[in-house]
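A.B. asks: Start from the sequences and build out the full structure, keeping to the hints where you can.
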Amino acid sequence: RKEVEQDPGPFNVPEGATVAFNCTYSNSASQSFFWYRQDCRKEPKLLMSVYSSGNEDGRFTAQLNRASQYISLLIRDSKLSDSATYLCVVIQGAQKLVFGQGTRLTINP
Amino acid sequence: ETGVTQSPTHLIKTRGQQVTLRCSSQSGHNTVSWYQQALGQGPQFIFQYYREEENGRGNFPPRFSGLQFPNYSSELNVNALELDDSALYLCASSLAGQGVRNEQYFGPGTRLTVT
Numbered sequence: 052r053k054e055v056e057q058d059p060g061p062f063n064v065p066e067g068a069t070v071a072f073n074c075t076y077s078n079s080a081s082q083s084f085f086w087y088r089q090d091c092r093k094e095p096k097l098l099m100s101v102y103s104s105g106n107e108d109g110r111f112t113a114q115l116n117r118a119s120q121y122i123s124l125l126i127r128d129s130k131l132s133d134s135a136t137y138l139c140v141v142i143q144g145a146q147k148l149v150f151g152q153g154t155r156l157t158i159n160p
Numbered sequence: 163e164t165g166v167t168q169s170p171t172h173l174i175k176t177r178g179q180q181v182t183l184r185c186s187s188q189s190g191h192n193t194v195s196w197y198q199q200a201l202g203q204g205p206q207f208i209f210q211y212y213r214e215e216e217n218g219r220g221n222f223p224p225r226f227s228g229l230q231f232p233n234y235s236s237e238l239n240v241n242a243l244e245l246d247d248s249a250l251y252l253c254a255s256s257l258a259g260q261g262v263r264n265e266q267y268f269g270p271g272t273r274l275t276v277t
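So the protein lines, in turn, are chains A and B.
The working numbering puts the first residue of the first sequence at 52, with every later residue one more than the last.
The working numbering puts the first residue of the second sequence at 163, with every later residue one more than the last.
Just so you know, these hints were derived from the structure itself, not from any lab.
None of the values given here were measured: they were computed from a predicted structure.
It is possible that part of the hints are untrue.
20 angstroms max Cα-Cα, derived EDC-like pairs, lysine to aspartate or glutamate [to be verified]:
1. A/K130 / A/E66
2. A/K93 / B/E215
3. A/K96 / B/E163
4. B/K175 / B/E265
5. A/K147 / B/E216
6. A/K147 / A/D133
7. A/K96 / B/E244
8. A/K130 / A/D108
9. A/K96 / A/D133
10. A/K147 / B/E244
11. B/K175 / B/E244
12. A/K147 / B/E265
13. A/K96 / A/D108
14. A/K93 / B/D247
15. A/K147 / A/E66
16. A/K93 / B/E265
17. A/K147 / B/E214
18. A/K130 / A/D90
19. A/K147 / B/E237
Examples of chain B residues lying across from chain A (beta carbon under 8 angstroms, computed) [unchecked claim]:
20. G204
21. P205
22. F207
23. G218
24. G220
25. N221
26. F222
27. S248
28. L252
29. E265
30. Q266
31. P270
We treat Cβ as the ideally placed atom computed from N, Cα and C, and that holds for glycine.
C.D. replies: Next comes the structure, spelled out in C-alpha cells:
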C-alpha cells in the first residue's frame, strides 16, 4: 500500500465548476499536511498547508480528517489557470515529505 | 519565486558516469532536501541535510550522496549512473526549528537524462 494515495485523474471540469480531491495516508503518526500544485515540467509550488481545524484561502478550502486519515482540497469557481497537477503531501519524521502521485486537473473553457 | 536555485537546468550523461547537481537554498533557510521525480509520478525523497549533516534518507542506494556547505547550499552526487536515474531532481529548502511548520520551497529542478 502506498504511503500517500491520490486518484491520478485526469479530472476535466468546466470553468466555474467546483472540484474536490481526496487523498489518504497510511501513517497515523504523520505530523503535517500540505497541498502543492505542479504545472507541466515545473517544480511543485506550495498551495496551502492543511490544519486540523480546516482552512480556507480564497477559492481553496483544505480539510484534514485524522481519524480517517484523509485530506481534501476543494476548489470553487474554478479558473482556466487552475489547470495543473495537485500533489497531496504528508510530513513524516525528520521533515521527510511524502508525496502522492498527484491528481491532474484540466479546466475547460 | 522561492529564491531556491539549482544548476544545471538540464544534463545528459552516459550510463556509468558520475554527476553533481547543485542547489542554493532560500535566504534564512537552514535545511535542504533532495527529491527525484520520474515522469508521471510524485517526487520521491532522497535525503535531507541540516547543519551540514544528513538528517534522514529515503530508499535510495549509497551511490546517491550529498553535501551541505556552511552557507546551507547543497550538492547531490550520483555515481555509476543507470538509465533509471533519468528524472527531474528537485531540491527544497526549509527552516528547521521548534514551532516552525517546516514548509518546503522547491527550486526549478535539474532534468537529468542518462543514455
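A.B. asks: Double-check B/G218 for me: the hint is only fine if its C-beta lies closer than 8 angstroms to a C-beta in chain A.
C.D. replies: Holds. Min distance 4 angstroms.
A.B. asks: Taking 20 angstroms as the top limit, are the C-alpha atoms of A/K93 and B/E265 close enough?
C.D. replies: Status holds; Cα separation ~18 angstroms.
A.B. asks: With a cut-off of 8 angstroms on the beta carbons, see whether B/E265 makes it to chain A.
C.D. replies: At 6 angstroms from the nearest chain A Cβ, B/E265 passes the 8 angstroms test, so the hint holds.
A.B. asks: Does B/F207 pass the interface check with chain A, least Cβ-Cβ distance below 8 angstroms?
C.D. replies: holds (5 angstroms)
A.B. asks: Between the alpha carbons of A/K130 and A/E66, is the straight-line distance 20 angstroms or under?
C.D. replies: Cα-Cα ~6 angstroms, so holds.
A.B. asks: May I ask you to test the interface hint for B/N221 with respect to chain A, counting a Cβ-Cβ separation under 8 angstroms as satisfied?
C.D. replies: For B/N221, the interface hint is violated, since the closest Cβ of chain A sits about 11 angstroms away, which is over 8 angstroms.
A.B. asks: Between the alpha carbons of A/K147 and B/E244, is the straight-line distance 20 angstroms or under?
C.D. replies: Violated, at roughly 25 angstroms.
A.B. asks: A/K130 and A/D90 were given as a pair; does the straight-line alpha-carbon distance stay at or below 20 angstroms?
C.D. replies: This hinted pair holds, its Cα atoms lying about 14 angstroms apart.
A.B. asks: Quickly compare the C-alpha distance for A/K93 and B/D247 to 20 angstroms and report which way the hint goes.
C.D. replies: Distance of about 18 angstroms is within 20 angstroms: holds.
A.B. asks: Should the interface hint for B/Q266 be scored as holding, given a Cβ-Cβ cut-off of 8 angstroms against chain A?
C.D. replies: This interface hint holds because 6 angstroms falls under the 8 angstroms limit.
A.B. asks: When you check the alpha-carbon spacing of A/K130 and A/D108, does it fall within 20 angstroms?
C.D. replies: Between A/K130 and A/D108 the Cα gap is close to 15 angstroms, so the pair holds against 20 angstroms.
A.B. asks: Check whether the Cα positions of A/K96 and A/D133 lie no farther apart than 20 angstroms.
C.D. replies: holds (13 angstroms)
Hint compliance for this structure: hints 2, 4, 6, 7, 10, 15, 25, 26, 27 are not met, and every other hint is.
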